[in-house]
Every structure is written in C-alpha cells, then in structure tokens.
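**Student:** Protein chains in written order, with the working numbering: chain A, 1 to 109; chain B, 1001 to 1138.
These aren't lab readings, by the way, just hints derived from the structure by calculation. One or more hints might be untrue.
Subject to a maximum C-alpha distance of 30 Å in a straight line, what follows is the list of computed DSBU-like cross-link-like pairs (lysine-lysine) [unchecked claim]:
(1) A:Lys60 with B:Lys1031
(2) A:Lys101 with B:Lys1042
(3) B:Lys1097 with A:Lys60
(4) A:Lys46 with A:Lys61
(5) A:Lys109 with B:Lys1097
(6) A:Lys49 with A:Lys35
(7) A:Lys90 with A:Lys108
Computed spacing ranges between beta-carbons, pair by pair [claimed, not checked]:
(8) B:Glu1096 with A:Asp38: 56 to 64 Å
(9) B:Gly1110 with A:Asp38: 45 to 53 Å
(10) A:Arg95 with B:Tyr1063: 17 to 25 Å
(11) A:Thr15 with B:Glu1041: 43 to 51 Å
(12) A:Val66 with B:Asp1029: 17 to 25 Å
(13) A:Lys103 with B:Glu1088: 32 to 40 Å
(14) A:Arg76 with B:Arg1082: 23 to 31 Å
(15) B:Pro1033 with A:Thr15: 42 to 50 Å
(16) A:Gln98 with B:Ala1070: 19 to 27 Å
(17) A:Val66 with B:Met1057: 21 to 29 Å
(18) A:Lys103 with B:Gly1110: 29 to 37 Å
(19) B:Arg1065 with A:Ala24: 40 to 48 Å
(20) B:Gly1021 with A:Ala24: 45 to 53 Å
(21) B:Glu1088 with A:Arg76: 42 to 50 Å
Using N, Cα and C, we set each Cβ at its ideal position, and we do this for glycine too.
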Amino acid sequence: MDRLTDVFTAVSHPTRRAIIGQLATGPARFTDLAKPFDTALNSVTKHLKLLERAGLIERKKLGREVFISFRGEPLREVADWVHEYEQFWKERLDRFEQHFKDKRKKEKK
Amino acid sequence: MNEPKKNIEVKVERTIPASPGEAFDAWLDPKVPGNPWSMAEKLLLNPQVDGFFYWLMQGTSHYGRFTEVARPGRLQHTWMSRSTSGEESTVIVTFEKKGEDTLMTLVHSGLPDTDGGRGHEKGWNFFLDKFSKKFAAA
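Turn these sequences into a full structure, and let the hints guide you.
**Tutor:** Okay, here's the thing in structure tokens:
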C-alpha cells in the first residue's frame, strides 16, 4: 500500500481517530492511552500499529517508559491531497505532458 | 470559527518534452488536450493582458482576467469559480527551458480553505478541520 492509503486507513476508524485526538494534547504512555477505550489491550495495540505504519505516531523511550506521540506531517499531505484544484491541475498537466510525449514519439518514428 | 481565513496554494510541476514556446502556445490552444480550455462545454478565451475568459465545465462557470501574457516564459490570470467562494484566486504558469524540455510550473494561489474548496472528501472534513490547522506547525 502507498503512504496515502496507509494514512486514510489509519484515520478511517473512530477508535484510531480518538487515539489521535488524545495524543494531540501531548505524548502518552500506552496504558494511559488504552484506559479510555472499552476494548481489549491487544486491540489497542493493533490500532497503534496501523497508526505507526501511517507515520502518524512514534514511540520514544524515556528512562524505563515508552511514550507515544503524534506526528502531524502525514495529515498535512492528506490535507494537500484533497484540495480539488490540486487534483484538477495534476490531472490536466499529466494529460498535457502525455500529449507532448506522444507527439515526440511520433516524430521519432 | 473566528480564526482568520487561511488561503491554500497549489503547486504542480511537470517536465514537458517541447520548447517553452511550443508548450506556452499549446497551453492556450483549446484543441490541445490537457489544458483546461480543452474540456470546455462553452469557452470564451482572449489571452492578452486584460483579456477575459469564460469557461463552463460540468455546469460550473469559471471566470478570469489575464494579467500577464509573456510568451514563452510566463502566463498569469485570475480565476473565480464556485470553489473560490467569490474570491479572486490567481493562476501563474511558468515555462523554463530545461535542456531539450521545458519545466512547467503551475501555481494556483489565494484559494479559500473552505469545504467547497476542499471538494469531495466530505468524510474527511471531521479530521481535516480538527487536525490540519492544529498541526500546521507540527
């Protein structure tokens, strides 16, 4: 899967969005993170793995404890991606570029 | 929300296998696929400084005024549509020689950061609204 798909997958589940919402206030330990959720610990682990794969969280060891923190960068990429004019111009310029590629190919034949 | 409105800038670059002059002319020729004009259901196009365009696509009207037409290097015009919420956005297209090819750069700036501007991904608005602004400096 590509990075964008990973990000969309990661934020497509309400629990994972809630985890992001919680981490947005600051880094947290795994146990603190799992507490508010009425779900098994290994299920929270699975959610964190998907968030980690999308680059939305990172783990840092501080002393003996592991803290999980949020990374905003992949979300900005998504925010950029959904702007309709970005999509629009990319498609236009792809088509425009292809037109000249085809033309040059024909000329070389 | 009381935050000042944020404007979005979209930048797209492509390498076009042609000279800057050829690319420039083709970009303004409605017969060439790829430029926006080629998709028009109705088109009025007067690409000279202070010339206007009217471009109808998928039932949506777009208007603009050419503010710079400097063949072969640079083209600038305004752009208004439903998605710009009545604001005048700006499109700048530059064509730079790059060996045998042309580096084409299109910058569309002054786009309002609204749901309309953000288009179809309604499902993502929850998280975009909440997070993209918040973490803009992350």
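**Student:** Name the hints, by number, that the structure is in violation of.
**Tutor:** 1, 3, 12, 17, 21
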